[in-house]
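For reference, the chains in residue letters:
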Amino acid sequence: MGKGQRATQAYKSTEFIEQVRDEDGLVVGNPFKLAPSNSGSLLQDEGLASSKKTSSASPAPEAGVKQEKTLSELEAVPSLILVTTYLSFLMLIVFAHLRDFFGKLFYPANYVQLRVQNGLAPMVSDFESLWTRRLYGRIRDCFNRPITGVAGGHVNLLDRVSNDFNNTFEFTGRVRNVLNLASYNYLGFAQSEGPCADKVEAALHEHGLTPASTRAEAGRSVLLTETEDMVARFVGSEAALIVSMGYATNALNIPAMVSRGCLIISDELNHSSLVSGARLSGATIRVFKHNYTPDLEKVLRRSISQGQPRTHRPWKKILVVVEGLYSMEGEFCRLPEILELRRRYGFYLFVDEAHSIGALGPRGRGICDHFGVDPREVDVLMGTFTKSFGAAGGYIAGSKALIDYLRLHSHSAVYAEAMSVPVLAQVSSSMRMIMGEDREHALEGQQRLDQLAINSRYFARRLADMGFMTMGHPGSPVIPLLLFSPAKIPAFSRECLRRNIAVVVVSYPATPIITGRVRFCISASHTREDLDYALEQISEIGDLLLLKFHQGKTKEIASDDAKMKIQ
Amino acid sequence: MASQSAASHLAPLLTAESDEDGGQRGLFRTAWDFSFRMALRYIKNSYKDDPFRTFLEVCLIGFIIWYMTKQKYNIGNNEIELSEKEIDELVDDWRPEPLVPELTDFERETLDKAALLDGPNGIKVRLASGNGKALLNFASYNFLGFIDNPDFEKRAIETLRKYGVGSCGPPGFYGTLDVHMELEKHLAAFVGHSAAILYSQAFTTILSVIPCFSKRGDIIVADEAVNFSLQQAIALSRSKVYWYKHNDMADLERVLKDVNKQLTGRRGKNALPRKFIVTEGLFHNTGDISPLKDLVELKHRYKFRIILDESLSFGVLGKRGAGLTDHFNVDPHEVDLLIGALSYAIGASGGFCCADKDLVEHQRLSGLGYCFSASMPGILAVAASDAIRALESNPEGHFSSMRENASLLQTLLRRIPGLQVEGALESPLMHIRLTPETLVRMKRSGGAWTKTDIDRVLAELVEEAQKDGVFLTRAMYVDEHERLLPNSSIRICVSCAHTRKDIEKCAHAIKNAVSRVTSKKR
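As you go down the protein sequences, you meet chains A and B in turn.
Residue numbering for the first sequence follows full-length UniProt numbering, beginning at 1 and increasing consecutively.
Residue numbering for the second sequence follows full-length UniProt numbering, beginning at 1 and increasing consecutively.
None of these hints come from the bench; they were simulated from the model.
Every residue gets a Cβ at the ideal spot worked out from N, C-alpha and C, and that includes glycine.
Keep in mind that a hint or two might mislead.
Stated by the list, open to error - Chain B is faced by these chain A residues, among others (derived, beta-carbon under 10 Å):
(1) I147
(2) L252
(3) E417
As the list claims (entries may be wrong) - Quick list of simulated restraints, FRET-style, between CB atoms:
(4) B:R29 x A:Q308: 43 to 51 Å
(5) B:N329 x A:V222: 44 to 52 Å
(6) B:R254 x A:E206: 53 to 61 Å
(7) B:N131 x A:R376: 34 to 42 Å
Isolated chain A, as found in the complex (with noise of 0.2 Å):
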């Protein structure tokens, strides 16, 4: 008996669905608006109603799949594309060293800043600077898109022009509403009006709008320690703390934990924070290959067996730190043979379900409910109220002897500033929802927590099926598809705004050189509409951009994707 069947079943019996489905599952219409409708499309979809059985039925489903899932997709890429792209990196960065050769030569004004001047060293370095400079001085125009309003299913950019070669860029004042693929909206629950609005309005009213002080001195109050309460309940934990920023959360948390004559083994395509915080706290750090988890054994046997370097004494204690959801790769971490490990080596274990928390799990809860194991079993659960819960900041969750030490004890809690107000009822309010506590719309959060699931699965599965190149699980709600080419990374990121559609494309340095890569994250806010003019226009671009890889080619991914459907 397993949540999911719950939920249908609260389906069956109730009003409360409001949304027009078709035969895929997907909304028609606007989501969470719309007149009722029978229900029995939902239960009809096979992927959904497969993820259900799985996350019930046994505790670790995904251990069968094969270990080199990433490496196995990268050989089956023509060596062709491989060559070019390496090409055009070696042709941008000798033209780039060209055009920085020339330009220091006929026009030394531009050129100041790498200087040293004045007796002072530059502050840039000039090799530092070059690839901001000649590689993504280029492409500028494909990050930092300024929005104006909610950056919901839709968002509204601010059209921006460049005459300078993306030097400096005018606006134009026109709006321009784009289909929205980028932002970490999972839920849908970046909304201006609905309950979870309602309820920010009220709190702002009755408690202002900031504590202006640290939690640990005059920073901590009802509306605080009662959210906390909740996140705790939610994610499975004995108690939790709350971070007034997601990156905050890592870098200023870690260092409480672990410390000299520590070790901390961490994936190696870990968050940034996470890395920081690493480095902060003064620990040993060593990096395991990706998701790879027979490395994280062997690195384990080593560290355990020969101590710390040079003096051989055994380690205080060992962090395994890995990411729930990977959302570079949408990769989930093997959560199941980890906790085996830590079973065996007796580590501790941190997972940052920054991405997960939220989106994944038949209830939203995470990765832990995504593969039905006892959130109690990892010892510190870190998430972030960011993507899900359309809030920000994150929280720490473990058992109440570790959140209680670093109540005084953490960075975050003692020096940095206390949450604010319209962000602590936002999580509240959405939070509530998720977990159907909120009377008024008891079933709206699991009718968000499916249809994502179901939202993710249908988006994946169409663009398997035309022949692009995906990456990750299946069911993941971040999707990346794979460009290699760098220039392919700024023509499809333009491309999509030319057809209204916001994108977020990534290349080296947040991915290996080779892999660049578009990334769409699905929400819950999408409608069926929405996600088909995204696909057919991926696909016109795919064409365009020659980006069909497996198209009259076996589909691993495809296989894959019915692989675990079976299981």
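Once you have looked at the hints, place chain B on chain A.
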């Protein structure tokens, strides 16, 4: 001769290796086939001519392989070779320490007794434990009374209805709102610098800006008393750091001279590292003000740059409230990186960095807290804009009463026997602690005071003041991570919204509390 041919023997091996890295299969396969055949023919021929030479060459290759593998295993590594069984035993034996140590009794007490506010923060607060009695708040950084300004609530709700709460993305990925850009412009204009960049938390602003520019091999000369976020930022930058005595310009000059002396004669790439003086505008831990004019002079004389943390001084010091540069009438451009906070006097949240346009743009890609975290909620950006606008339109209304209140409270507090007050006269933030003599008098057996004892006395003092209707807080630190742990104190923040009566009440409550606490022998 021999080595040359050895090299040619090795050639196919090398190609084979690079083949795996490259992945350009077809091309390499032909090349490999070709060179393999060539090599084979060469070996055959040379063996026919001179078997002894072939023997020598094989030995040489063997030696080279042995030598190379030996190098790999021995450099900088003192690992012990263990069998699988031994590793298993070691794994079984290893017992980690608990993830976090247990709290001490005093820490447990602190946690249990921590103030829990019921309702909004402001000049008057209600504690959940206080039966609805309102207390005068001297604990929050509400210097300008912005957090209980009713106008802001209306604006916040308007903004909520337009922008929602969260921005759902980092600034690079559709998280830049128009209100962020307006606030950045507004801040730059208000401070008088070229450009500004917003971060969503004050602590992280500092943590991002300093490592963004000061890297390994660069030099930081920092004041000893800087706050914890600066200490962390300096640690994260991995630069070489020198400390000078708090606000002691002669000592700073000595350090700068020393640094420059060490650098003379350096050649090559690292001949001239980036050099920074790092200090605070209004010191969090002491309530002092940096002598900016002297700093600027020294900076020019010794060719350093200044990174100034104006987190507390922004909105507090200066005629217009634009911070330390305003206070001393120094051109803000003299401060190369000016870091400020919006979470203190401004009553919003987050922080910003003012600098030259190039340096600001650099941070948009390299400032970790900017790149890798969601942008500030629109509501808070608008609240900050409004607060600055309010300062621009009516500076007098805010600053004169705040300063009057501050100096009045300081004067009154200094009259209390047994109490030590730290903080500049202009500063609305001050630290109070019991004088060492009082502490000595309080100890019954004449034993030494530990830090916990002093903290406990201060906690009692805070409690006593609460009984008289004044809400105070001890200055909290993470003791084990501070570089030089400041002496325990109670931090008092005065607001412009306090009335003269409030200030008198506060001084009176503290006076009573001190006399009650000190009369107890322990």
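So, going through the hints one by one against the coordinates:
1. I147: holds, 5 Å
2. L252: Hint on A:L252: holds, closest Cβ of chain B at ~7 Å, below 10 Å.
3. E417: Given a least distance of 4 Å, the restraint on A:E417 holds.
4. B:R29 x A:Q308: 43 to 51 Å: Holds, since B:R29 and A:Q308 (Cβ atoms, about 46 Å apart) stay within the stated range.
5. B:N329 x A:V222: 44 to 52 Å: About 45 Å separates the Cβ atoms of B:N329 and A:V222, which means 44 to 52 Å holds.
6. B:R254 x A:E206: 53 to 61 Å: holds, 55 Å
7. B:N131 x A:R376: 34 to 42 Å: Roughly 37 Å apart at Cβ, these two residues keep to the hinted range, so it holds.
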